[in-house]
Structure formats: structure tokens, C-alpha cells
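My request is simple: use the sequences and hints to build the entire structure.
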Amino acid sequence: MFLSEATPSGFFFLAPWLVFLPVIGLLINIIFGGRFSEKVIGTVASLASGAAFVVSVLLAWSVAAGHGGAVSVPFAEWIHIGGLELDWTFRVDSLSTTMMLVVSGVGTLIHIYAIGYMHEDVRFKNDPGRFRRFFVFLNLFIAMMMILVSGDSYLMLFVGWEGVGLCSFLLIGFWYEMDTLARPSWANSNAAKKAFVTNRVGDFGFLIAGFIMFWAFGSFQFDEVFEAAHSVAPGVIVAITLFMLVGVAGKSAQIPLYVWLPDAMAGPTPVSALIHAATMVTAGVYLVTRSAELYMLVPQAQYIVAMTGAITALFAATIAVGQYDIKKVLAYSTISQLGFMVAAVGMGAFVAGMFHLVTHAFFKALLFLSAGSVILGLERGHHHAAHGHHDDHGKGKKGKRKEEHHEEEHHEVFDPGDMRNMGGLRKTMPVTFWLYMIGTLALAGIFPFAGFWSKDEILLDASLHYPTVYVLLSIAAFFTAFYMGRQIWMVFFGEARHEAAAHAEESKPIITVPLMVLAALSLLGGALNLPFEGFHNLGHWLEYTLHEVEALPLDLKVAGISTVLALTAILISWLIYGRNPLKAGQIDPLKRPLGFLFTGMENKWFVDEGYFAVIINPFKKLSQFLADVVDWRFWHDFVHDTIIAGTYNWFSNIALNVYADQKGIDAFANWLGDATQSLSGAMRKVQNGFVRSYALSVLLGVVLIVGYLILK
Amino acid sequence: MSLELILFLILALVAIATAIGMLFSHNAVYSALFLVLNFVTVAVFYLLLGAPFIAMAQITVYAGAIMVLFLFVIMLLGAERLPDTRVLPWQRPLAIGLAFVLAVESVYLLVTKARPVGDILPPEATVNAVENLRMLGTTLFRYYLLPFEVTSILLLVAMVGAIVLTRKEKGEQK
Amino acid sequence: MVPVEYYIILSAILFTIGVTGVLIRRNALIIFMSIELMLNAANLAIVAFSSALKSFSGQIFVFFVIAVAAAEVAVGLALIVEIFKSKHSIDVDQMSSLKG
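In order, the protein sequence lines correspond to chains P, S and R. Heads up, the first sequence is in the working numbering, so the first residue is 1 and it goes up one at a time. Heads up, the second sequence is in the working numbering, so the first residue is 1001 and it goes up one at a time. Heads up, the third sequence is in the working numbering, so the first residue is 2001 and it goes up one at a time.
Any given hint could turn out to be false.
[Stated by the list, open to error] Now the stretches of chain S that chain R is said to cover, found in silico as 3 or more residues with beta-carbon under 8 Å:
hint: 1; stretch: 1004-1011
hint: 2; stretch: 1018-1028
hint: 3; stretch: 1107-1113
[Said to hold, decoys possible] Using C-beta positions, here's what the derived DEER-type ranges look like:
hint: 4; chain 1: S; residue 1: L1155; chain 2: P; residue 2: S697; range: 31 to 37 Å
hint: 5; chain 1: S; residue 1: T1112; chain 2: P; residue 2: S697; range: 24 to 30 Å
hint: 6; chain 1: S; residue 1: G1097; chain 2: R; residue 2: L2098; range: 39 to 45 Å
hint: 7; chain 1: R; residue 1: H2088; chain 2: P; residue 2: N670; range: 44 to 50 Å
[As the list claims (entries may be wrong)] Listed below are the simulated DSSO-like cross-link pairs for lysine-lysine, each with C-alpha atoms no more than 30 Å apart in a straight line:
hint: 8; chain 1: S; residue 1: K1168; chain 2: R; residue 2: K2054
hint: 9; chain 1: P; residue 1: K39; chain 2: P; residue 2: K125
hint: 10; chain 1: P; residue 1: K685; chain 2: R; residue 2: K2085
hint: 11; chain 1: R; residue 1: K2099; chain 2: P; residue 2: K685
hint: 12; chain 1: P; residue 1: K508; chain 2: P; residue 2: K125
hint: 13; chain 1: R; residue 1: K2099; chain 2: R; residue 2: K2087
hint: 14; chain 1: P; residue 1: K508; chain 2: P; residue 2: K39
hint: 15; chain 1: P; residue 1: K193; chain 2: P; residue 2: K685
hint: 16; chain 1: S; residue 1: K1168; chain 2: R; residue 2: K2085
hint: 17; chain 1: R; residue 1: K2099; chain 2: R; residue 2: K2085
hint: 18; chain 1: R; residue 1: K2087; chain 2: P; residue 2: K685
hint: 19; chain 1: P; residue 1: K427; chain 2: P; residue 2: K125
hint: 20; chain 1: P; residue 1: K712; chain 2: P; residue 2: K193
hint: 21; chain 1: P; residue 1: K427; chain 2: P; residue 2: K620
hint: 22; chain 1: P; residue 1: K125; chain 2: P; residue 2: K193
hint: 23; chain 1: R; residue 1: K2099; chain 2: S; residue 2: K1168
hint: 24; chain 1: P; residue 1: K583; chain 2: P; residue 2: K427
hint: 25; chain 1: S; residue 1: K1113; chain 2: R; residue 2: K2054
hint: 26; chain 1: S; residue 1: K1113; chain 2: P; residue 2: K712
hint: 27; chain 1: P; residue 1: K427; chain 2: P; residue 2: K508
Keep in mind that the hints were calculated from the coordinates and are not lab data. Every residue gets a Cβ at the ideal spot worked out from N, C-alpha and C, and that includes glycine.
Here it is, written out as C-alpha cells:
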């Protein structure tokens, strides 16, 4: 089975199926989905994603069998104009297979989860027919993400980049006509628009980087670019890398373009888990890692990237402390963790960054999906409480049965995601509770969960090379543990603050089983890259692609400091939130002591409001002005109507109609008629009716003829 | 100046005088009578020209029948006199002028352009009226039979026409 | 010996007088009589030529002219009588209803 290094063989030829298996899945669901039951639709989609995972595994094995050499699998010719040749080629190497495995693996688990989640969600929102659309979009996302990670050039990467942006838009705005509380509103579609537009700003940066790249190197292909990069002025590389950073800031939610990600929580929870935690947002990190060779050439750009990541990490962590929505906390947590990753790859610790990417995918997906389970539990509890002993909604009963949801009967507006409505769920939803705990501990970086190893590696690298970054990231880690602890105490401990929480029910296995898989991964995922000699698995793996990997041993000092920070944070959070659990309607205990700081945290430091005031509202005013004054009043009314139409009217009416036609032609025609009439009137007098005069004219003729004869 | 010439001139004068008299007479009966005289004069001319039958025919038909018919109608219609209203004042001078021009032109034409034909022989050469009549008849029925028959039909038509035209509905006088 | 030209001149003069009569007089009957005068003038010319040229055709022709003139007078006078019956006048100036 082992093949020679010279001719790459193995399963590389399967590479295009990464993209096309999900495409086939979505096509089947589009064309035949109307006749399928929900189970079948979900199964088709999950199988498609699972098949992509199998292909990823085979490809990874092939890379391993080929001793890590990168293989290009040409697929299709795309643009061939003159000397320009841009093709769609798949690149299978250790870095891309890592991403493929994460995307398809976590993606498949989320597909399975989504079957159960969406089954309940579409019924809560009264639109069972929309089930199919969700899975079509999910498969589309997997396909696009695969294009992104498997591309052999920046161009194909960008194609996938844009594609996942589109899927993000489609999925955030899945319930486009309502807001998160299912009231008719523009809120969800606005959130989707915000995501798309903010991403677009990032894409703009990416495009500029691409243009500079093409102008400088004449190619987008990775190998050619990296080779040519060594022979141009460093200024060009700085420009490219910094513009790419703009793209990363958009896609991976860094400052200043992170504002879309919290709003993106408007989408269903599987979307938040898949796209906005595990996969799409990591595309920026992947991009920087892929461009490692470029970044290593320009330390100034690296520093900027690292600082961006670090500041974002701290900034987002502070906001997370003041949030009340369970998903919003996780969203800001994601931004913060992405900051960790970006800081890591900015510092040159690409392995650490990728390691954190993988572990974060595990435990953040776990956390989001568990949060989804919590939300569903609260919804169920709300229904039970409202309907009394109406027990049509059972647990885990699938199949077709009519469910009557009379949302209108619930007179109060109930937000199932608001942590202030929760409490005591440890008793009513035990499975979810333990899974959530595992995720929290992993995120907080507690030994021996996966997050501890990956975060620790980043902190270690930072402490060695970038002290400022180290300090910022440590403080962010402290806050991370704090707000996660706060969340745990508020949600699962204490007494239920709302009847919905009191009546909450555990979720079905189809929801909890994928979570268990993720929990296992969160627990054991650290094994991917333990900082002990011989266990740097991921490091060795990525070394094939990155060529420069610093394998650091465990530094007990750094590990110890981070663990102490995390445990201290959890203790403090217990002191504030856990010891005296919140009662219903009680304001957050931090509010009074922190005062305006807490207000800032609550309101996301008013960044969105700032954007509105500085950018969006002036833009709206400008476009209003352009539309009203410039376009409508000036161009339309004045130029078109007054000048052009008026001139034309004048011309046709006055010039042509009155002068040319009436006075000119008509006058002539009338004159002609009049003249004829007067002439005939004159000539009519010859015929006076008197025979004698007629005879006279005959005589005249005779005289003339005779005279002619005389003269002849 | 031979006798024929003098006779001719006198007769010519008479003819012209009676013609002018017919023209300018206000009384229609006078005009008719002048015309009768004119016809008689012309008949004499025919005699001078050696056409006795035609002369007789002229007197019989023209002077005797046609003019009598004219006189009948004049009497019938009571059209002796007509009021002298002027409608076309320019007609009279112009007509006279043009007619005069015509006369002058024809005379001129004749005098300058006409081929000499010959003189009229004295009437002795063809004075025998019977001979003249016999030759007239022979020529008529030998060479001009068709016109003769057509003329007879023409006369028939004229008769019928005259009667048809003046036929009245019952109750009115003819 | 009267030259033919004299007869022709006489014929022309008579003809002209007839023409004048047609043009000047308003009485329809007088006009008719002027027409007869014109015919006569023509007859005179024909007979004169016939005599000068020693041809009999001229006399035959005049014979026919007289016959036709008779017929014509008959019909013409019938017409004038008819016109008089409707218009109660034979003034040709009053028969101008075909004026344009």
C-alpha cells in the first residue's frame, strides 16, 4: 500500500469530491426534497457532509503515506486569456487536510444535531416547510468551505471565501422576516446584511492584497507567490500582508470589523456553531497560516497582526462579561478566542494557532450546541407552562404529527436565550449541564482539557517573543474564565427565575449524542499536540507545509500562571454569582460596583453606535442627498424634464409645430387652396351662361386661325 | 363694265342691304321680311350662275317654306319686340369689331392667296333649264343616291322630332 | 364676266353679317335667321365655284344643304317654341342658368 514518493498516488484523486459530495447532497435536497420527510432530508445532508469527512480522512492518510508532500490535483481550467492562466486546482497537503478534517468532522456532527434542533425550531416558528432549506444551505456552506481550504491559489481561496460569506448571509437571515423572538421584524435580515457588508469591507482588503500580489508576482498560486516573494521589495510584502489582515479582520471578526458576529447570533444555533465558531471564522486564521512564508518576511506586519489579535481578545472578553444572552456571551467569547488565534499566527506560532483553531472548534461547537439545547429546553418548558398539561410536545418523537403552536396565546414576549430567565437547569437538563461544563472547562483552559494545551502554547510563545501580547492575552484568559463561570452559575445553578426554566426538559438523543462526541474531543483533543518531546503530533504534521516550526516544551511557569488565573477567575465568579444565586428580576451584581464600566460592557462599548454615527448615518444621508437632490431634483427634474424634455417639447411644439408646420407648411397649403379658389373664381366668370359670349369666343378663335393662315 | 357686272353689283348691294336690315331691325317681322328679300336676291344670283333649279328650290323652300315657318313662330310667340336691356355691354362692340376683322381677313386671304379659277361664263352655256334639271337628276340618283336617301330620313326625323318636341300633355294648347 | 372672286367676297360679307347677327342680337329667332343667312352665304360660294369649275357637284351639294337647312329649321323652331313655353321669353340672355 505504500507508494513511492516520486509519483503521488493514493486517494488524491478523490480531492474534488470534497466539494462535490456536499453539492450533490444539496442538489438532491433541492430537487427531491419536497417529497422527503425531515428525517430523510437531514440524513441526506449529513451523509453528504459525512462522505466529505471520509474523503478528508482518506486524503489525510494519503498525505501521511506520501510523507507529507503537498500534492496538487488539477481539476478544471478556468480563465485562459492570452498569457493568463488561472485554474481550479486542489491542493492536498498537511495544512489543508487539517482544515478539511475539522470542517467536515465538526460539520457532520452539527448536521446530525441540526436534524433534531431544526425539527423543533421550525415548529416553534410555525414554518415546517423551511426545514429543507436549512440543510441545503448547510451543505452549500460545507462545499464552499471546502473550496476555500482546498484551493491551490489565493484565487480559489477567495472564491471559497466569498462563498462562505454568502452562506453566512443566507443562514444568519434564515428566519428573515422575524427577529430572534419570532416577532415580525427586520432584525434578522438586518443582521444578515450587516454580516455581509462588514465581510465585504474585509473582502475589499483581501482583493487589494490580491491585486498587489498579481501585479508584483503575476500569479495567485501559492508556490509561485511564495517563491517570488523573496525577490521583491519588502514594502510590497508589507502591503500585501496588511491588506490581507483587513480581510482576516472581516472574516475572523477582529477589531474593527468584528461587529457582525454578535448580531449573527440571530441565526439558528447550528449556524452559530458551525459557521461562527468552528469553521468560517477560522478561515482568516487559515489564510494567515497559509501565507506564513509571506508573513515571516515582514516582522513589522507580524507585530501588527499579533497586536490586533491580542487587543481584540481582551476587548471582546470584557464585553462578554456584561452580556445577558447566552449566545451573545459565546459570540464574544468566539471573537476573543479568534483574537488568541490571530495573535498566535501573528507572532509566528502557526502551529499554536492551528492547534487552538482545532480545539476551539471542538469546545466552541460543543458550547454553542449545548446552548442550543438549553434554549430548546426553555422553549419546551415555556410551552408546557403555557399549555398547562398540554403534552403534545414529547421528547424525541419524530414523525409526522400535527402540532398546534399557538404562539399568539403567549401574550408575554419570552426570550428563551436570556440568562436572566434561566437558573437551576442543572436539575432539569442534567446531560446538557455536564456537556456544557466540559465545554466551559475546555474554554477556560483548565488542565487537562483541550483548551488548556492549545491556549497554553500560545501564551508560552507570547511570553517568549512578545511580552505585551502575553500580558494582554493573559488578562483576556482571566476574563474568559470569569464570564464562563458567570454563565455556568447563572444558567445551571440557583433557582429557576422563570416558569419556563422550571419546566424545562432535556433534549432528545439526536441532539445530545453529537454533543457527547464533541465533549470527548474537547476532553482528549489536547493529545493533538502535547508539549512533550515526541508528542508534537500537530506540529510535525504541519511542519510538512510550514517548514519552520518551533516545538516548545512545556513551561511550567507559564502553565502555572495561566491555570492560577483561570481558577481565580472562576472563584471570583462563584463568589459573585454562584454563592448568592440571582433571583428573578434582580439586576446584575456587578452593575453597582463597576458602574459605568459595566454599562460599557453591557452595551458593547457602544461600538455599533459609533459606527452608525460616524459611518452609516452620514452614508445614508449622502445617499439620500444623492438620490433626492442630485438624481431626482437635479438630474431628473431639471436636466431631464426641464432641459431635455422641455427643449424637445419647445422644439417640437413651437419650432416645428407652430412655425414650421402651422405657419410654414399649413400656410403654404392654405395659400395654395385659396389661390386655386380665387383663380377658379375668377375663371368661373368666363362661363356666364350667355350663349352669345360663347359664340364670341368661337369667332375669336376663327379669327385667330385665319390670321395664322394669312401669316403662314 | 359689262351688263353682268353691273347687275351683279346692284344685286350685291341689295343683298348686303337686306342682310344689314335684317340685322338691325327691331321688329322681328321686319327682319324676317328682309331676309326673304335676301333669299330672293340670292336666288337671282343662282340664276346668274346657271343653276336654275337651285334658284327655284331656294325660293320655294327657303323663302317660301322656311321663312313662312319663321313668320308663323314669330307671330305665335309674339316676339316682335323685345325690351332693350343691356346685359353684356362689351359684347356688341367686340362682336362687330371681330366680325369686321374676319371680313377683312377673308377678303385679304382670298385676294392674295387664292388661285385663279376662272371667270363665270355667261348663262347661255347652261341656260337650258330642262337640260340642267335632267343632269341634276341623273347626277343625283347616279352618284349621290346614299346622301339622298339619308337626307330623306333626315327629313323624316325632323318631322317626327318637331312633332314630338311640341307634343303637349292633354289640356294645353299647342 | 363676273370673276369668281367677286362672288366669294360677297359671300364672305354676307357670312360676316350673319356672324354679327348671331353675336349681337338677343332674340333667338333673329339669331336663327342669321344662321340661315350664313348658310346661304356658304351656298352662294359653293354655287359660284361650281359654275366656275363646271362641276355639277356643287349644285347637288347645295341641294342637300337646302334640304338639311329645312329640317334643321323645323326642329330648331320646335325647340324655340318649347323654350318659350317654359321661360315665356326667347331672349337668349335669359337662358343663362348654365352659368358657372
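Consistency of the hints with the structure:
Interface restraint, the stretch 1004-1011 of chain S with chain R: holds (3 residues with C-beta to C-beta distance below 8 Å; minimum three). Only residues whose C-beta sits within less than 8 Å of a C-beta in chain R count toward coverage, and the stretch 1018-1028 of chain S has 5 of them, enough to reach three; the restraint holds. With 3 residues carrying a beta carbon less than 8 Å from a beta carbon of chain R, the stretch 1107-1113 of chain S meets the three-residue requirement, and the given coverage holds. Taking 31 to 37 Å as the suggested C-beta distance range, the pair L1155 of chain S and S697 of chain P conforms, at roughly 33 Å.
Checked against the hint of 24 to 30 Å, the pair T1112 of chain S and S697 of chain P passes, with Cβ atoms roughly 27 Å apart. Between G1097 of chain S and L2098 of chain R the C-beta distance comes to about 26 Å, which lies outside the given range of 39 to 45 Å. About 46 Å separates the C-beta atoms of H2088 of chain R and N670 of chain P, a value consistent with the hinted range of 44 to 50 Å. With a CA separation close to 50 Å, the supplied pair K1168 of chain S and K2054 of chain R exceeds the 30 Å bound.
Taking the CA atoms of K39 of chain P and K125 of chain P, the gap is about 19 Å. The hint holds against a cut of 30 Å. Simply put, K685 of chain P and K2085 of chain R have alpha-carbon atoms about 29 Å apart, close enough for the 30 Å limit, and the pair holds. A C-alpha spacing of about 8 Å is found between K2099 of chain R and K685 of chain P, which places the hinted pair at or below 30 Å, so the restraint holds. Proposed proximity of K508 of chain P and K125 of chain P is supported: the alpha carbons are some 19 Å apart, at most 30 Å.
Simply put, K2099 of chain R and K2087 of chain R have alpha-carbon atoms about 16 Å apart, close enough for the 30 Å limit, and the pair holds. Between K508 of chain P and K39 of chain P the alpha-carbon distance is near 14 Å, which keeps this suggested pair within the 30 Å criterion. A C-alpha spacing of about 91 Å is found between K193 of chain P and K685 of chain P, which places the hinted pair above 30 Å, so the restraint is violated. Between K1168 of chain S and K2085 of chain R the CA atoms are separated by roughly 11 Å; this keeps the pair inside 30 Å, and the hint holds.
At most 30 Å may separate the alpha-carbon atoms for a hinted pair to count; K2099 of chain R and K2085 of chain R meet this at roughly 21 Å. Distance restraint check for K2087 of chain R and K685 of chain P: the Cα-Cα separation of roughly 24 Å lies within the 30 Å cut-off, and the hinted pair is therefore satisfied. Between the alpha carbons of K427 of chain P and K125 of chain P the distance comes to roughly 27 Å, so the proposed pair stays at or under 30 Å and holds. For the hint linking K712 of chain P to K193 of chain P, the alpha-carbon distance of about 108 Å lies beyond 30 Å, and the restraint is violated.
A distance of roughly 50 Å separates the Cα atoms of K427 of chain P and K620 of chain P; the hinted pair therefore is violated under the 30 Å criterion. For the suggested pair K125 of chain P and K193 of chain P, the alpha carbons sit about 21 Å apart, so the restraint of at most 30 Å is met. Distance hint between K2099 of chain R and K1168 of chain S is fulfilled; the C-alpha atoms sit about 29 Å from each other, no more than 30 Å. Among the hinted pairs, K583 of chain P with K427 of chain P is consistent with the structure: their alpha-carbon atoms are about 17 Å apart, no more than 30 Å.
Between K1113 of chain S and K2054 of chain R, the direct Cα distance comes to roughly 22 Å. Compliance with the 30 Å bound is thereby established for this hinted pair. At roughly 11 Å between alpha-carbon atoms, K1113 of chain S and K712 of chain P fall within 30 Å of each other, so this suggested pair holds. At most 30 Å may separate the alpha-carbon atoms for a hinted pair to count; K427 of chain P and K508 of chain P meet this at roughly 16 Å.
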